[in-house]
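Q: What follows is each chain in one-letter form.
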Amino acid sequence: MRLAILAAAFAIPTVAMAADDPVSDTIAARQGYYKLLGANMGVLAGMAQGDIDYDSSSAQTAADNMVVLTTYDLGHLYMPGTSADDSDKSRALAKIWGDFAGVQEKGGAFVEAAMAMQAVAGAGKGEMAGALGALGGSCKGCHDTYRVK
Amino acid sequence: MSDQTPKLPEGVETVRLWDPALRLFHWALVVCVVTTWVLGRFGPNIMTLHFYLGYVVIGLLAFRILWGLFGPAAARFSHFLFGPRTTLAYVAKIAKREPSYWPGHNPVGALSVFALLAILIFQVTTGLFSDPEDYINVGPLAGQVSSDMNRLATGWHYRGGFVILALVAGHLGAIVFYKLWKREDLIRPMITGWKAVRKDRDA
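Sequence order for the protein chains is A and B. Heads up, the first sequence is in numbering that gives the first Met the number 0, so the first residue is 0 and it goes up one at a time. Heads up, the second sequence is in numbering that gives the first Met the number 0, so the first residue is 0 and it goes up one at a time.
In short, the hints are calculated from the structure, not lab data. Please note that the accuracy of each hint is not assured.
Simulated crosslink set (EDC-like; lysine to aspartate or glutamate; CA at most 16 Å straight-line) [unchecked claim]: (1) A:K34 x B:D130; (2) A:K124 x A:D24; (3) A:K148 x B:D130; (4) B:K95 x B:E183; (5) A:K34 x A:D24; (6) A:K148 x B:D147; (7) A:K139 x B:E132; (8) A:K34 x B:E132; (9) A:K148 x B:E132; (10) A:K139 x B:D130; (11) A:K88 x B:D147.
Bear in mind that the values here come from a model prediction, so they are computed numbers and not experimental data.
When you get a sec, could you build the whole thing from the sequences and use the hints?
A: Below you can see the structure in the form of C-alpha cells.
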C-alpha cells in the first residue's frame with residue numbers, strides 16, 4: 000500500500016510533465032503558425048481557382064494577414080530538439096537547425112512573395128492569381144528541402 | 000536497313016515488327032516522362048507543365064493498354080506474356096554473344112515493359128491525389144480523399160520517381176548490352192519498325 004502511494008506520488012509529476020511537454024507544445028505552436036498561413040492561402044487559392052467567388056476585400060484581408068505573419072519572430076517555434084528526429088508529431092527535418100542561412104533564404108522568398116501579393120490582392124482576380132504562383136512556390140521551396148517526404 | 004540483310008543467318012528475316020502507333024507512343028512516352036521527371040525534380044515551383052505532361056502520360060498509358068489488348072500482334076500483352084520456363088530458358092542464353100532475333104518483346108524485356116507500365120500507372124495515380132500543401136501544385140483529385148491519403152500519395156509520388164529512374168536506367172543499360180555485347184540494335188527497330196527476327200518464334 001505504502002509502495003502504491005509512493006509510486007503514485009512519483010507518477011503524478013511525470014504525468015503533469017507530459018501534459019506540459021515543451022517539445023510537443025512547440026511543435027503544435029509551430030504547426031499552428033503554418034495553419035494560419037494556410038488558412039489565408041486557402042482563401043486566395045480558392046478564389047484563383049473559382050471555388051470561392053473573388054472578393055477584393057476578402058482577398059486583401061488574406062494577403063494582409065499573411066504579411067502580418069511574416070513579421071512574427073519564429074525563433075521560439077524552432078526550439079532545438081523539436082525536429083522529426085525528436086518527435087513523430089513533426090515533419091521538420093533536423094537539417095533546418097544546421098542550415099539557418101538556407102532557411103532564412105527560403106523565408107526571404109516567402110516574405111517577398113507575400114508583399115507582392117499584398118500589393119495586388121485587392122486589384123482584381125487576375126492580378127491576385129498572378130501573384131499566387133510565386134507565393135505558393137515559396138511554400139513549396141521550403142517543403143521540398145526541409146520537410147520529411 | 001538493307002545493309003544488314005545479306006548477313007542474316009538461316010531462319011531469320013526482317014519484318015515490320017513495331018507498328019507506327021506503337022513507335023509514336025514509345026517516343027512520346029520518352030519525351031513526356033523524361034521532361035516531367037526533370038521538371039518534377041529540378042523544375043520551377045509552379046509545376047503547370049509537369050501537370051500537363053502527366054495528363055498526357057495518362058492518355059499514353061490508356062492507349063498502350065488498349066493497344067496491348069486490341070493492337071497488332073507484337074503490341075499485344077498476350078504476345079509477350081511468358082511463363083517461368085520460357086523466361087528462365089531465355090535468361091540462360093542471354094549472355095551468348097549473338098543477337099536474340101526475338102520477334103517482339105523478349106521474355107526479360109517483357110518484364111521490364113510490365114514493370115514500367117505498372118510504375119507509371121502508380122506514378123500518375125499518386126500524382127492525381129498528391130497535395131504538397133503549397134496551394135498551387137495540388138493534384139486534381141486531392142480533394143476526393145483525406146489529407147492523410149494526400150500525404151501518403153505525395154510521399155509515394157516522390158519515391159516513385161526513384162523507381163522510374165532505376166527502371167529507365169535498366170532499360171538503357173539493356174539496350175547498350177544488346178548493342179555492344181549481343182550486337183543487336185534495338186533502337187533502330189523502334190524508329191523504323193523493321194527488325195531482324197527469327198521466323199520460328201519457339202526456336
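Q: Take the hints in turn and mark each one as holding or not.
A: Evaluation of the provided hints:
{"no.": "1", "hint": "A:K34 x B:D130", "result": "15 Å, holds"}
{"no.": "2", "hint": "A:K124 x A:D24", "result": "38 Å, violated"}
{"no.": "3", "hint": "A:K148 x B:D130", "result": "12 Å, holds"}
{"no.": "4", "hint": "B:K95 x B:E183", "result": "12 Å, holds"}
{"no.": "5", "hint": "A:K34 x A:D24", "result": "15 Å, holds"}
{"no.": "6", "hint": "A:K148 x B:D147", "result": "13 Å, holds"}
{"no.": "7", "hint": "A:K139 x B:E132", "result": "8 Å, holds"}
{"no.": "8", "hint": "A:K34 x B:E132", "result": "10 Å, holds"}
{"no.": "9", "hint": "A:K148 x B:E132", "result": "12 Å, holds"}
{"no.": "10", "hint": "A:K139 x B:D130", "result": "11 Å, holds"}
{"no.": "11", "hint": "A:K88 x B:D147", "result": "13 Å, holds"}
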